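Engineer: Chain by chain, the residues:
2 protein chains.
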Amino acid sequence: MPGSGKGEFARLLSEKGIKVITMSDVLREKYEKEAKSGERLMDFAKRMRQLYGKGVVAKLCVEKIEKGSNIVAFDGIRNWEEIEEFKKVGEVIIVAIHSPPKLRYERLLKRARKDDILTMEGLIKRDWEELEMGIGNVIALADYVLTNDSTIEEFKSKAEELIKRIL
Amino acid sequence: MPGSGKGEFARLLSEKGIKVITMSDVLREKYEKEAKSGERLMDFAKRMRQLYGKGVVAKLCVEKIEKGSNIVAFDGIRNWEEIEEFKKVGEVIIVAIHSPPKLRYERLLKRARKDDILTMEGLIKRDWEELEMGIGNVIALADYVLTNDSTIEEFKSKAEELIKRIL
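So the protein lines, in turn, are chains B and C. Under the numbering used here, the residues of the first sequence are numbered 4 to 170, in order. Under the numbering used here, the residues of the second sequence are numbered 4 to 170, in order.
If you are wondering where the hints come from, they were derived from the structure by calculation, not from laboratory data. Please note that a few of the clues may not be correct.
Identical copies look the same in the list; a pair holds intra-copy or inter-copy alike.
[What the hints assert, rightly or not] Derived lysine to aspartate or glutamate pairs resembling EDC-like cross-links, with alpha carbons at most 16 Å apart:
(1) 67 with 146
(2) 67 with 132
(3) 19 with 42
(4) 105 with 146
(5) 105 with 94
(6) 36 with 69
(7) 161 with 46
(8) 128 with 35
(9) 167 with 130
(10) 36 with 46
(11) 39 with 130
(12) 33 with 11
(13) 67 with 163
(14) 105 with 152
(15) 57 with 163
(16) 49 with 135
(17) 57 with 46
(18) 62 with 84
(19) 33 with 18
(20) 113 with 35
This one's a predicted model, so the numbers in the text were calculated from it and none came from an experiment.
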């Protein structure tokens, strides 16, 4: 979910030398090449999913896996159909990063990136857009849930422990 | 999710003197009074939700709250509409108990209660029945996620800690 800290977890994986493919970057790359004039990224993503199925972004990501890769991390899964795509090419371990909604909203308001919606209402609306895509199913069926509700140091230490356990 | 250990968490709350209302018991009570001849519990629940809305079981549970109650726990939330019902009568704190699917299936196969479906396929099917009701959204938006993936002792100790933090 937005503001949960999954980006931080991806950075830690990257520091350990694990190739991380950020799913939104792969989608954006396609968007920049193929979007209709004036089409928003979110609408482009919806159109792609309607045209090529709900697993389309995962399919694009699988194409990015370099030959001979052993472990690859995908940051930003949105639905179970994407998991099914990844299962076609290897063993899948799902790690969900969880933070309480209140804390996520606080972080997002603080972070305020260009594409962040800045009202509480907007953040709740965005949560539900993600949930409607099916992200809740992926979290419910995750192999590991890492809680990120205290300090960044504690999260990092728990994340390091989990990475050791998985690898 | 089935086999996650939420019943164990409810027992711990109960031991601390907190009133626990088991949502499936409340549903079953209504089922025993009002089900059509031969109607399965699951089908009765579906019919109730169609007739009275997805929050219907929560509405029935709210009627069970004794006057003057301060804290009440509800075991077995299935969808966000139920959360909305509980919010009408007080502050809601959502605790999700998470276990990796593989471990849940192992436990359920071991436990094998009368109403447990005993094949792996059946368990996966039941997971998706729960997910289709919207339980993934509740897990994704939980205030706390408690992981139950090692020993019962470790789970109990984490649960005790969380209960202290909440109360």
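Engineer: All hints, please: hold or fail.
Structural biologist: Outcome of the hint check:
no.: 1; hint: 67 with 146; result: neither (24 Å within a copy, 36 Å between copies)
no.: 2; hint: 67 with 132; result: neither (26 Å within a copy, 34 Å between copies)
no.: 3; hint: 19 with 42; result: neither (37 Å within a copy, 55 Å between copies)
no.: 4; hint: 105 with 146; result: between (24 Å within a copy, 8 Å between copies)
no.: 5; hint: 105 with 94; result: between (34 Å within a copy, 14 Å between copies)
no.: 6; hint: 36 with 69; result: neither (22 Å within a copy, 61 Å between copies)
no.: 7; hint: 161 with 46; result: neither (36 Å within a copy, 42 Å between copies)
no.: 8; hint: 128 with 35; result: neither (25 Å within a copy, 39 Å between copies)
no.: 9; hint: 167 with 130; result: neither (31 Å within a copy, 29 Å between copies)
no.: 10; hint: 36 with 46; result: within (15 Å within a copy, 49 Å between copies)
no.: 11; hint: 39 with 130; result: neither (26 Å within a copy, 39 Å between copies)
no.: 12; hint: 33 with 11; result: neither (25 Å within a copy, 47 Å between copies)
no.: 13; hint: 67 with 163; result: neither (26 Å within a copy, 45 Å between copies)
no.: 14; hint: 105 with 152; result: within (10 Å within a copy, 26 Å between copies)
no.: 15; hint: 57 with 163; result: neither (32 Å within a copy, 40 Å between copies)
no.: 16; hint: 49 with 135; result: within (12 Å within a copy, 21 Å between copies)
no.: 17; hint: 57 with 46; result: within (14 Å within a copy, 29 Å between copies)
no.: 18; hint: 62 with 84; result: within (10 Å within a copy, 34 Å between copies)
no.: 19; hint: 33 with 18; result: neither (27 Å within a copy, 55 Å between copies)
no.: 20; hint: 113 with 35; result: neither (28 Å within a copy, 52 Å between copies)
This entry does not satisfy hints 1, 2, 3, 6, 7, 8, 9, 11, 12, 13, 15, 19 and 20, going by the numbered hints stated previously.
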